[in-house]
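Visitor: The primary structure of each chain is shown beneath.
4 protein chains.
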Amino acid sequence: MSGGNIIGERFVAMSFGESHGRCVGMLVDGCPAGLQLSEEDIQGQLDRRKPGQSAVTTQRKEEDRVEILSGVFNGFTTGAPICMLIWNKDADSRAYEAIKHIPRPGHADYPAMVKYGGFADYRGSGRFSGRLTAALVMGGAVAQKLLQETLGIEIVAYTSEIGGIKADSITAENIAQRYDNDVRCPDPAAAEKMRDAILAARRDGDSLGGIVECTTSSLPVGLGEPIYASLEADLSKALFGIPAVKAVEFGSGFEGSKRRGSENNDAYYMMKDGKIVTRTNNSGGILGGLSNGMPLIVRVAFKPAASIAKTQETLDVSSKSQAKLAVPGRHDPCVVPRAPPIVECVVSMVLADHAIRAGLIPPVLKKKGSA
Amino acid sequence: MSGGNIIGERFVAMSFGESHGRCVGMLVDGCPAGLQLSEEDIQGQLDRRKPGQSAVTTQRKEEDRVEILSGVFNGFTTGAPICMLIWNKDADSRAYEAIKHIPRPGHADYPAMVKYGGFADYRGSGRFSGRLTAALVMGGAVAQKLLQETLGIEIVAYTSEIGGIKADSITAENIAQRYDNDVRCPDPAAAEKMRDAILAARRDGDSLGGIVECTTSSLPVGLGEPIYASLEADLSKALFGIPAVKAVEFGSGFEGSKRRGSENNDAYYMMKDGKIVTRTNNSGGILGGLSNGMPLIVRVAFKPAASIAKTQETLDVSSKSQAKLAVPGRHDPCVVPRAPPIVECVVSMVLADHAIRAGLIPPVLKKKGSA
Amino acid sequence: MSGGNIIGERFVAMSFGESHGRCVGMLVDGCPAGLQLSEEDIQGQLDRRKPGQSAVTTQRKEEDRVEILSGVFNGFTTGAPICMLIWNKDADSRAYEAIKHIPRPGHADYPAMVKYGGFADYRGSGRFSGRLTAALVMGGAVAQKLLQETLGIEIVAYTSEIGGIKADSITAENIAQRYDNDVRCPDPAAAEKMRDAILAARRDGDSLGGIVECTTSSLPVGLGEPIYASLEADLSKALFGIPAVKAVEFGSGFEGSKRRGSENNDAYYMMKDGKIVTRTNNSGGILGGLSNGMPLIVRVAFKPAASIAKTQETLDVSSKSQAKLAVPGRHDPCVVPRAPPIVECVVSMVLADHAIRAGLIPPVLKKKGSA
Amino acid sequence: MSGGNIIGERFVAMSFGESHGRCVGMLVDGCPAGLQLSEEDIQGQLDRRKPGQSAVTTQRKEEDRVEILSGVFNGFTTGAPICMLIWNKDADSRAYEAIKHIPRPGHADYPAMVKYGGFADYRGSGRFSGRLTAALVMGGAVAQKLLQETLGIEIVAYTSEIGGIKADSITAENIAQRYDNDVRCPDPAAAEKMRDAILAARRDGDSLGGIVECTTSSLPVGLGEPIYASLEADLSKALFGIPAVKAVEFGSGFEGSKRRGSENNDAYYMMKDGKIVTRTNNSGGILGGLSNGMPLIVRVAFKPAASIAKTQETLDVSSKSQAKLAVPGRHDPCVVPRAPPIVECVVSMVLADHAIRAGLIPPVLKKKGSA
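Protein chains in written order, with the numbering used here: chain U, 1 to 371; chain G, 1 to 371; chain F, 1 to 371; chain E, 1 to 371.
The set of hints was computed from the structure by calculation and includes no laboratory data. The beta-carbon is built from N, C-alpha and C at its ideal position, and this holds for glycine as well. A hint or two may mislead.
[Claimed, not checked] Here are some of the chain E residues that sit facing chain F, going by a computed Cβ distance under 7 Å:
(1) Q43
(2) G44
(3) A91
(4) A95
(5) A98
(6) P188
(7) R259
(8) L287
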């Protein structure tokens, strides 16, 4: 609807705020009543996303303490809209005034300038800043807790590639340790190389991109709707809402398009406990847009960060003359290390929305006082 | 909304029908009044999609003649909902009764069985059939004409890879001839190899996948909304609504995630006529979710067709015993050759929706009797 | 969304067609799977609405046989969109060509002319015709059956006033006979007077208006959402979608606004079976926008039919000169007698939508083969 | 969507907050860029609504100073979501703990208790409080300014009846003075009587209801969409979102349903300046759901305030025994005097939404730097 700041049908989230405005916030409507929820439940994911955590991230310092303004009473959600926000404290807008007519290559500056007729808040990319992903995390952390508590679904995302360096060995065990290193890669050896590559790129005044992979425990069968609200459709829509994402694939994805059907189809069999599963998971857990009871597998490609210190060619649109630009401000040399909690949260919002649509999560979790 | 059969906010389309039911149709709400429209405007794209056209497609024979039931008066759209449909005539449902408890690997059969409690129409994949893409084409053909007539936007899609065989040389000239060969690949030499590969796969009782690429003439600057209704978000949502699509990338996509920022950023410059463009188009025409005035570039990966004659392992879910299945019925050994008109139409619907949202296409195209 | 032809969030309906076009239809998305449904279930209500039934209705003769084009398989809904339509057969468009520049007082002609730039289908009021209420009946008849079969809710509407003549005695018994007389008023003596008044107005080349009242069996507690999706909000929105409706009130309505709180508040008590009820029902079954377990009471005022034979003053907007107009065509001298099935159906759609939202009706009614 | 807290399609508003929570707020998405906007533009209407203004309102003292948290930059809207809120300061929740199991007659307490399983915030009616109308005023004040600055539309609401006492003479002149007396009735003599009646009711521990009428300057022709998004449909939906509203009528409304067509139809004529108008305005400015160029006329009935000091019969739902209740807390003896600014704001939001949908207000009001 409208300005594009709303997502979801049953678990609905509307984002607000700007990078250098007063705050960044998320308003969630449709969260069932009766979910135990405090600011601490959200803070964990926000902390994994926040800037200034390590040498591989931007040096902007923000505490990013979430405040819940509504929708929670006596420690439980009430069914009313949940308004959450973080206040901006360390914004430094001085650099942006000078370049407000000089669009930075790879950023939204130029189309935003045209689209909003000069009224957009250009400071720190305004509404297009990566800082807005904090709103995604706030909404998604609520969804993530909701999925865990009601359906026992676990959602994990991790860095699988940075600057062309791929994680080698990814296991259930090392995924559990994904947040133990700066780049959030389960493979510690690859993590080390990725870190070095980011620091090298930064030294060169340059940046890197990479890939985040997200998987889940087995999903219930039948999430998603055919055609336009397929799980793939709604997940990709939400994932492309993360700045710098340029590609999304499920299961065998692009690779699978090179195979034959007999190689790519996943054969069914029944486990001893009667659960129906497939021998492989090339579908990434989704068939015909519906979850098939296997874990979700989705991969998300992030372009190299657009803000680089290296001098680039661009235009001064006010004087209509060519310009050279070394992007000022404090920036991430690679956005991937901060992306896994964001991807987890975005995926959680979509799955929560579909679980409510499918009737798997009721409007009230458990009547108060009931056994 | 609801069952997932609706897409769009201003140019809204709701699909209906089943593969072996009475018809497949599309209901479009929000098309501006005053667009000259006849069944012939839609039939062209439907003909490019229809089955039985060549040796590389299914042999089901359907005339697929579109009928417009509402919303057009005296040869022009009225602003009222446009209901369009094709009648199913050559459905052969005999094979499906026998396998209604035996889910075909790679198809929606199993999750649909669970989700709809046994009530779904399973004949020919019912609502999950590739035949439903005819609805996308009907809605999209209207959008495509609307974009051409109002903004002069051209949208072209073509096969760029099948079974791992890549088109070598793609030019504006050979793109114009993309519909001249059976596989709809602009590169005639690659097209020949692709055709042979499909026929070989079919002989082996197997199938192939591939990649369709879509591009446009320069888009107006500023289509799309930040975050959840970014052009990438809405295009990917719509494209994943095409059965068998498993990956979507824009511009340099996955490849770009391996580059440095200085390689991937597109430098701005001004053309002699004052138009602001970029030297490269790694962004695929989209920055921050907004069109930047360059052509759109999007690539869509289709998995190998799930229906294969080769025997596969699966389950009989009624007897709960393992089963062997050679999928019956008539099928495409590769869906890619029929996909380019579908991709063109799907992209058109999304762009039309956003052009209306941005105020670039008015509610009435031109007052009757005005100059 | 979009052109205003869609209603509902979970039980979603999109209307299409024109009075003198090929058909009038309704596309319903979100009806749960597993509802036994045939054309006969819809035909009953359509027959009560159809034209040419008696001396007090228009003489246009339409059979109005509904066809279900999709969404039903083996006699049950599948969860897929249900497309239903009736074909127009007795349209006589000759009269409308002559007056296409002469807006009829009380009709949408003039604003539609301006809004759609001359492209609207003006024949028989086109999209604004009372004939479009057949679409409401098709969608609503499905909802009405759904509510009966799942929650046992009965919805009844009847004429309570025509031309200022009020029904005197309305009882559960005579409500059951409401369709036994031409004007659908439960009170037979009042019905006789209403009928005479309509015929007298017709003889004078004039028309009458009136009031339809709708009530239900006890609703489940808690339907509706606070503020914008309150039951009153959504019911009124849907009811004002019926042409000629100019006022809607719930419970004591306008009358109640003259009372004191101590007179208008409904006191709670508990029945012997433990059910909590109120002694009076001034709230019309809705408090704070939520159903409170009492029957719904809503009253809907219809203006006198705008099409009258009497000469009226208007304008020829092409020549910009004053004109005299005796409206041609065949028309209802009072729309109220045909309105009760429409009101029942419209109310049913809203209640079904909210019952699904509240989780009271599941996505699949009962798994096939389950006890 | 979802929890019912969102309204609008292009000018979208989502309300949040509770009566005794931290704040009450409104998040607006879709407001065009380039509207000059400060907190003062909103404060005026909030001040007219705020409690404790006079002897006829509740004695709760709230400053209700609005803060804009996002979406405005350098004094102009940016096109990004506008988050506005007021902090709650004078909430006194002591009384509510004692009655949390004793539903107050005429309030949402009982259905809310059931619907939200005991998790709803019951303090001061929580989400169902009249205090939530402050959110409507915040969103609507932005819409009201937008309509004035772009289309010159003026929207005025005033008290026309309280406790059965009707305003006698209402003129353009005295409407302009409507906010000069405590009850906001343009007719000063009637205002005096209304005030006395409210004070008398309060002395009796009782309350009164009444009617607010809203009208506008001439609307542009063609606002509204046929059927479900008719102006009447969308206005009534929004108006029933105001607590205590039980009836809505347009133009001649219920009265008109007693007339003949020849009396109720509005005859067209052309003014000297070429403007097409009607001699009467029984349609209230709306025909077929579309504005016809005349002023809007809508009347809204408010029930007597449910909170009264007089002892009422009710239930203790925890002990399942009858109870007597004198409602504690501070309350309005009549909500009507505070309602006119709310009605103005609610009507403004709907008209702004439709003006944007109709393309009459562009996404950017005026490019910066353009003449």
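Visitor: Verify the interface restraint on E/A91: the C-beta must sit less than 7 Å from at least one C-beta of chain F.
Guide: violated, 19 Å
Visitor: Do the numbers back the hint for E/R259, that is, is its least Cβ distance to chain F under 7 Å?
Guide: holds, 6 Å
Visitor: Any CB of chain F closer than 7 Å to the CB of E/A95?
Guide: violated, 18 Å
Visitor: How about E/Q43: closest beta carbon in chain F under 7 Å, or not?
Guide: Hint violated; E/Q43 Cβ to chain F Cβ min 22 Å, cut 7 Å.
Visitor: Measuring from the C-beta of E/L287 to each C-beta in chain F, is the shortest one below 7 Å?
Guide: holds, 5 Å
Visitor: Hint E/P188 vs chain F: min CB-CB distance below 7 Å?
Guide: violated, 21 Å
Visitor: Any CB of chain F closer than 7 Å to the CB of E/G44?
Guide: Because about 23 Å separates E/G44 from the closest Cβ in chain F, which is outside the 7 Å limit, the hint is violated.
Visitor: E/A98 was flagged as interface toward chain F. Is the shortest Cβ-Cβ separation under 7 Å?
Guide: Check failed: Cβ of E/A98 comes no nearer than 17 Å to chain F, outside 7 Å.
Checked against the numbered hints given earlier, the structure breaks hints 1, 2, 3, 4, 5, 6 and satisfies all the rest.
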